[in-house]
Amino acid sequence: MTNVELAHVRGALVELRRSLESLRLADGDSPYVRRLMNDLDRFQLDMEDVSGAGVRASALCGSRRGREVVRISDGPYQHLPWQDADDEGIGGQRR
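Numbering-wise (our numbering), the sequence shown opens with residue 124 and increments by one.
If you are wondering where the hints come from, they were derived from the structure by calculation, not from laboratory data.
Heads up, the beta-carbon is just placed ideally off N, CA and C, and yes, glycines get one too.
Fair warning: there could be bad hints in the mix.
[Said to hold, decoys possible] Per label pair, the in silico range of CB-to-CB distance:
| no. | residue 1 | residue 2 | range |
| --- | --- | --- | --- |
| 1 | H202 | N126 | 44 to 52 Å |
| 2 | S142 | V192 | 19 to 27 Å |
| 3 | W205 | E128 | 41 to 49 Å |
Kindly produce the complete structure, drawing on both the sequences and the hints.
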């Protein structure tokens with residue numbers, strides 16, 4: 124994609140965010156509005172990947188009302204906090 128095309132897509136995403144914020148004000152924080160906002164966040168993150176992270180999604184979307192993206196590492200983690208937890212995929216083991 125050319126820089127002009129990327130700028131056009133970014134502008135469309137900003138306009139879509141404005142429209143979704145208006146929808147949120149009109150309809151409240153309903154599940155379908157949250158889902159659409161979540162999809163838009165993913166689109167903006169994908170645009171960062173496509174454009175080489177030239178413009179951060181947080182700069183595109185203005186105020187995020189306290190929302191932030193939390194990246195979870197795929198690396199090893201400490202098992203100690205989870206030693207007495209049940210595996211959700213298998214079900215309770217202590218019944």
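Going down the list of hints, with the structure as the test:
Distance hint check: the CB atoms of H202 and N126 are about 47 Å apart, consistent with the given range 44 to 52 Å. Taking 19 to 27 Å as the suggested C-beta distance range, the pair S142 and V192 conforms, at roughly 21 Å. The hinted range of 41 to 49 Å is satisfied by W205 and E128, whose Cβ atoms lie roughly 45 Å apart.
Hint violations for this structure: none, all hints satisfied.
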